[in-house]
Structures are given as C-alpha cells and as structure tokens.
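Visitor: Single-letter residue listing:
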Amino acid sequence: MKQVQHEQLTDIQRKWLRIAFVLVIGFLVVWVIGVQISRIGRVAVEVKFAPFDAVVELDGVRVRNGSVNWMREGKYIVTVEREGFERVEREIEVAEEQQILGMMVAVDDIGRNITLRRSRDFMMVESLAGGLARETGRREREDWPILRHLPVRNMLFSIGSEIDEDGELVVVVRLGSGAFQEAAVRELLRIEREDEDVDLIDYNIRFEGGENPFRRNGSSIGGTE
Amino acid sequence: MNRWLAIFLVVGVLTGGCWWFFANYKRVEFEFTKDAREVVILRNEVEVGRFTENASFWLRRGEFEMRAELENYTILAPIFIVEEWTTIDVDVIFSDTRLAELLTDETSERLEAVFWRNYSELVRDFEVVERRLFLRGDWYGIVLEESGVERGNEPVRVRGIMQRVSGEWSIVGEPEVLLTAATHPEVPRDILRKINRL
Numbered sequence: 001m002k003q004v005q006h007e008q009l010t011d012i013q014r015k016w017l018r019i020a021f022v023l024v025i026g027f028l029v030v031w032v033i034g035v036q037i038s039r040i041g042r043v044a045v046e047v048k049f050a051p052f053d054a055v056v057e058l059d060g061v062r063v064r065n066g067s068v069n070w071m072r073e074g075k076y077i078v079t080v081e082r083e084g085f086e087r088v089e090r091e092i093e094v095a096e097e098q099q100i101l102g103m104m105v106a107v108d109d110i111g112r113n114i115t116l117r118r119s120r121d122f123m124m125v126e127s128l129a130g131g132l133a134r135e136t137g138r139r140e141r142e143d144w145p146i147l148r149h150l151p152v153r154n155m156l157f158s159i160g161s162e163i164d165e166d167g168e169l170v171v172v173v174r175l176g177s178g179a180f181q182e183a184a185v186r187e188l189l190r191i192e193r194e195d196e197d198v199d200l201i202d203y204n205i206r207f208e209g210g211e212n213p214f215r216r217n218g219s220s221i222g223g224t225e
Numbered sequence: 226m227n228r229w230l231a232i233f234l235v236v237g238v239l240t241g242g243c244w245w246f247f248a249n250y251k252r253v254e255f256e257f258t259k260d261a262r263e264v265v266i267l268r269n270e271v272e273v274g275r276f277t278e279n280a281s282f283w284l285r286r287g288e289f290e291m292r293a294e295l296e297n298y299t300i301l302a303p304i305f306i307v308e309e310w311t312t313i314d315v316d317v318i319f320s321d322t323r324l325a326e327l328l329t330d331e332t333s334e335r336l337e338a339v340f341w342r343n344y345s346e347l348v349r350d351f352e353v354v355e356r357r358l359f360l361r362g363d364w365y366g367i368v369l370e371e372s373g374v375e376r377g378n379e380p381v382r383v384r385g386i387m388q389r390v391s392g393e394w395s396i397v398g399e400p401e402v403l404l405t406a407a408t409h410p411e412v413p414r415d416i417l418r419k420i421n422r423l
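Those protein sequence lines, which keep their order, are chains A and B.
Heads up: the first sequence begins at 1 in our numbering, then just goes up one per residue.
Heads up: the second sequence begins at 226 in our numbering, then just goes up one per residue.
Don't take each hint at face value.
Unchecked claim - In silico DMTMM-like links for lysine to aspartate or glutamate, alpha-carbon gap of 25 Å or less:
1. A/75 x A/135
2. B/251 x B/308
3. A/48 x A/135
4. B/419 x A/197
5. B/419 x B/326
6. A/48 x A/73
7. B/419 x B/370
8. B/419 x A/143
9. B/251 x B/272
10. B/419 x B/363
11. B/251 x B/296
12. A/48 x A/11
13. B/251 x B/278
14. A/75 x A/164
15. A/48 x A/97
16. B/419 x B/337
17. A/75 x A/97
18. B/419 x A/195
19. B/419 x A/199
20. B/419 x A/182
21. A/75 x A/166
22. A/75 x A/53
23. B/419 x A/96
24. B/419 x A/202
25. B/419 x A/196
26. B/419 x A/187
27. B/419 x A/211
28. A/75 x A/59
29. B/259 x B/411
30. B/251 x B/263
Claimed, not checked - For the chain A half of the interface with chain B, some residues (derived, Cβ under 10 Å), not all of them:
31. 179
32. 182
33. 189
34. 192
35. 200
36. 204
37. 210
Just so you know, these hints were derived from the structure itself, not from any lab.
Where is the CB? At the ideal position from N, CA and C, for every residue including glycine.
All chains, please: the whole structure from these sequences, using the hints.
Guide: Have a look at this one:
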C-alpha cells in the first residue's frame, strides 16, 4: 500500500515537473524572442561614465551606466548627473555599434571621495578610451594612408590634419608665408610618390597662410574661344 | 563491364575538362568608351586577341595588356587582370607624342586667351609655366606661376584645367594650388594627378 502511494506521488511530481519544465522553456523562448524583437532596428551602445553609479540619460530617458544599451540610430543629448560632480551634457550620434565613454569631474569633497572609492571605474574608462583611441587611429591610418606621414613640421610650413563636420579628413597646410606654398606642395607630392597608397586627389587639402587669388568662392567660371 | 568503365572515364574526363576550363578561363567583354579603334590584347607580349568594335573573349586568368594598333593612339588603362567574368572599358586616347604635336604655340595661345579672359585682373601677376593636353586633346592642364617675385622668394603656383565640349573650350572649376577629386569631381582622376605633378 505504501509502495502504491509512493508511486502515485511520484507520478504527480513527474507531471508537475513536466509542466514546470515546459513553462520554464516556454518562458525562456518567449523572453529570448521578445529580447530579439526589441533589438530590431537598434544597435548595441556601451555606456560607461565613471563613476558607474552616475545617472545617465539619453534625451531624458535613463539608460544603464556601465553596461550595454540597445538604441535606435540618431542624435541624442546625453546628460550625466551625480552628486559631487560637474554635470555633463553633450550631443552624440549613434550610427553603429559603439562606446560612449566619459569621466565626471568632482566639484567638492563628496565627489573627490567617490572618485577615490570608485577609482576602478575611472581606470576602466581610461583604459577603454585609450584602446578606443588606438583603434580609431589604426582605422584612420587605414582609411587615410597620408596620416602615416603626418604631421610634417619645419621652419617654412607644417602639414597636419583634422576631421571636418562630415567626418572627413582635411589635410591642413599652415604656411609661414605664401612664399613657402610650393615647398609644402612639393612635400605632399613627395609623400604621394614614395607611398603608393597615398593619392593626393582623394584628400581635401586646405592651405592656411597662403592665398589663391583665382578662387572666387565657388562661382562658376566659363569661357569660350 | 568494360563499356561502363569507358563511359565513366569519358564522362569523368569531360566533366574534369569543363571544370578546369571554367575555373581557368573567364569571359571578358570589351566596350569602347568613345571612338572604336583596332586594339590588340597581349599576354606576355604574345597576341591573344584583336578587336575593332565591342567584343568578348574567353581569356585565361592573369594579367593582360591592350595596345591600340593605330599610330598616335594609346589606351588610357592598358593593363587589366582577369579574375572573374568582367567588362573592360576601352578608352582609346591620343599618344603623348600626338598630344605634344597638337600643342603648338598657336593652340596654347588660343586656349590661354580664353583662360585670361576670365581672369583678366591677374594676367599681369601670373604666367603659364607648364601646359599639357590630355586624352584626345580635349582636356588642357596648366600651371600658373606668380611673376615678378623678389629674389629669394619662391613664387606661388596654381593649377588649372580647361575642357573642350562641342568644340568650345571652357575653364573647369577654379584653379587650385593642388587639384583634388573634391574640387574637380568632373575631371578624370588621372588628369588631376598628372596636372598636380606637372
């Protein structure tokens, strides 16, 4: 009799176990599908503002600090707030998987204490920013091979670079005077000649300190025989 | 049994042959961008094909060269590499010798008169020091140099481009210290490079 009761209980337990198992698996499947659906049209953005207990908001919506957030592409206003620290506000553009990194600056003793206590957060952001800068530099040198040869500085001119509003590289030639313009041009042509990856015609080149009297602010010039 | 073996061998050899052919030979179409001229295709200086109008050839993978057969003509991008089925643009242009012959003093004076008409205020300050015709003589590149510069100073140099369209010459864009694809998007890239290096 005891044996039968034991077997009956086991059956009931098995039944509930099966139901529980199916429910758990079902819940997991629904959860995974839900998560995947919620990520459609979004990109992974790692937000890390030291200290990581600071409140980070994008367009007024709180996001997880020190973690990955899934966001739609576009421009956002990021605000970061934490007692004892200077408020941070800046515009960012989310276009692809990326990291948004930053470190808050302490303004009083509370902030300074937190900075000491959470120094690991600051060290992590610093190291991530360093890695990001190295990766960006590597990518830029691949995309714009002329960067391997810049900057060039001498007594007559300097040749450097900057990124314009459209994210394009601009080669900036700063001249001591217009008299050194052709010397700078020769230097650029030497770089092109010696590095087969460099094609000067693919770059925006801006001369500062010299002048081009033929330039008429983009007005069209025509002429016939 | 022997018959089946023979069939198997024949089918195998044919399949292998087809596979080898298609793996090594690619169909290449040649299209003239402007005027058609007789063009020879060479591989290691050995002729492998010849055409006078748009044509296609089966060519073995590797590097080839095109040469215009007519004197005074050349091909803009003569070297091509066959890797896949592809279409090659054949741009027959004047040879350097022919372009130099066309650029007589009279021609350059005529073209530069058009240029200076647009920059009459600078005619005393700059002079053309380098000039060259390109492609089929329908592009003209010049290098202008600042004149009357004090001894010890290097004159400013500016590069300009003109183009003949429907028989009439006009200045393309604005003269620049260095020409780029951004400042002169309508000009063939090879011409921009060559004028910069004049």
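Visitor: Would you mind marking each hint as holding or not holding in the structure?
Guide: Each hint, compared with the structure:
At most 25 Å may separate the alpha-carbon atoms for a hinted pair to count; residue 75 of chain A and residue 135 of chain A meet this at roughly 23 Å. A C-alpha spacing of about 7 Å is found between residue 251 of chain B and residue 308 of chain B, which places the hinted pair at or below 25 Å, so the restraint holds. Among the hinted pairs, residue 48 of chain A with residue 135 of chain A is consistent with the structure: their alpha-carbon atoms are about 18 Å apart, no more than 25 Å. For a cut-off of 25 Å, the pair hint linking residue 419 of chain B to residue 197 of chain A stands: about 17 Å separates their Cα positions.
Between residue 419 of chain B and residue 326 of chain B the CA atoms are separated by roughly 18 Å; this keeps the pair inside 25 Å, and the hint holds. For the given pair, residue 48 of chain A sits about 18 Å from residue 73 of chain A by alpha-carbon distance, which is consistent with the 25 Å threshold. With a CA separation close to 17 Å, the supplied pair residue 419 of chain B and residue 370 of chain B stays within the 25 Å bound. Between residue 419 of chain B and residue 143 of chain A the alpha-carbon distance is near 23 Å, which keeps this suggested pair within the 25 Å criterion.
The straight-line distance between the Cα atoms of residue 251 of chain B and residue 272 of chain B is roughly 17 Å, inside the 25 Å bound, and the hint therefore holds. In summary, the hint linking residue 419 of chain B to residue 363 of chain B is supported, as the alpha carbons are separated by about 15 Å, within the 25 Å threshold. At roughly 30 Å between alpha-carbon atoms, residue 251 of chain B and residue 296 of chain B are farther apart than 25 Å, so this suggested pair is violated. This hinted pair does not check out: residue 48 of chain A and residue 11 of chain A have alpha carbons roughly 52 Å apart, beyond 25 Å.
Between the alpha carbons of residue 251 of chain B and residue 278 of chain B the distance comes to roughly 20 Å, so the proposed pair stays at or under 25 Å and holds. Between residue 75 of chain A and residue 164 of chain A the alpha-carbon distance is near 17 Å, which keeps this suggested pair within the 25 Å criterion. The suggested pairing of residue 48 of chain A with residue 97 of chain A holds, with an alpha-carbon distance near 14 Å, which does not exceed 25 Å. Proposed proximity of residue 419 of chain B and residue 337 of chain B is supported: the alpha carbons are some 19 Å apart, at most 25 Å.
With a C-alpha separation of about 14 Å, the suggested pairing of residue 75 of chain A with residue 97 of chain A holds against the 25 Å cut-off. Straight-line distance between C-alpha atoms of residue 419 of chain B and residue 195 of chain A comes to about 16 Å, which keeps the hinted pair within the 25 Å bound. For a cut-off of 25 Å, the pair hint linking residue 419 of chain B to residue 199 of chain A stands: about 12 Å separates their Cα positions. The hinted pair formed by residue 419 of chain B and residue 182 of chain A meets the criterion: a straight-line CA distance of about 16 Å does not exceed 25 Å.
With a C-alpha separation of about 14 Å, the suggested pairing of residue 75 of chain A with residue 166 of chain A holds against the 25 Å cut-off. Our distance criterion of 25 Å between C-alpha atoms is met by residue 75 of chain A and residue 53 of chain A, whose separation comes to about 24 Å. This hinted pair does not check out: residue 419 of chain B and residue 96 of chain A have alpha carbons roughly 38 Å apart, beyond 25 Å. Between residue 419 of chain B and residue 202 of chain A the alpha-carbon distance is near 14 Å, which keeps this suggested pair within the 25 Å criterion.
Between residue 419 of chain B and residue 196 of chain A the alpha-carbon distance is near 15 Å, which keeps this suggested pair within the 25 Å criterion. Note on residue 419 of chain B and residue 187 of chain A: the hinted pairing holds, with a Cα-Cα distance of about 16 Å set against a maximum of 25 Å. Only pairs whose Cα atoms come within 25 Å are accepted, and residue 419 of chain B paired with residue 211 of chain A is accepted, the gap being roughly 23 Å. Simply put, residue 75 of chain A and residue 59 of chain A have alpha-carbon atoms about 9 Å apart, close enough for the 25 Å limit, and the pair holds.
Between residue 259 of chain B and residue 411 of chain B the alpha-carbon distance is near 17 Å, which keeps this suggested pair within the 25 Å criterion. Restraint check for residue 251 of chain B and residue 263 of chain B: satisfied, since their Cα atoms lie roughly 22 Å apart, inside the 25 Å limit. Nearest Cβ of chain B to the Cβ of residue 179 of chain A: about 4 Å, under the 10 Å cut. The hint holds. At its closest, the beta carbon of residue 182 of chain A sits 5 Å from a beta carbon of chain B; the interface hint therefore holds under the 10 Å criterion.
For residue 189 of chain A, the interface hint holds, the least distance from its beta-carbon to any beta-carbon of chain B being 6 Å, beneath 10 Å. For residue 192 of chain A, the shortest C-beta to C-beta distance to chain B is roughly 8 Å, which falls under 10 Å, so the interface hint holds. For residue 200 of chain A, the interface hint holds, the least distance from its beta-carbon to any beta-carbon of chain B being 6 Å, beneath 10 Å. With a cut of 10 Å, the hint placing residue 204 of chain A at the interface with chain B holds, because the nearest CB-to-CB distance is about 5 Å.
Because the beta carbon of residue 210 of chain A sits about 7 Å from the nearest beta carbon in chain B, less than 10 Å, this interface hint is met.
Violated hints, in rising order: 11, 12, 23; the structure is consistent with all others.
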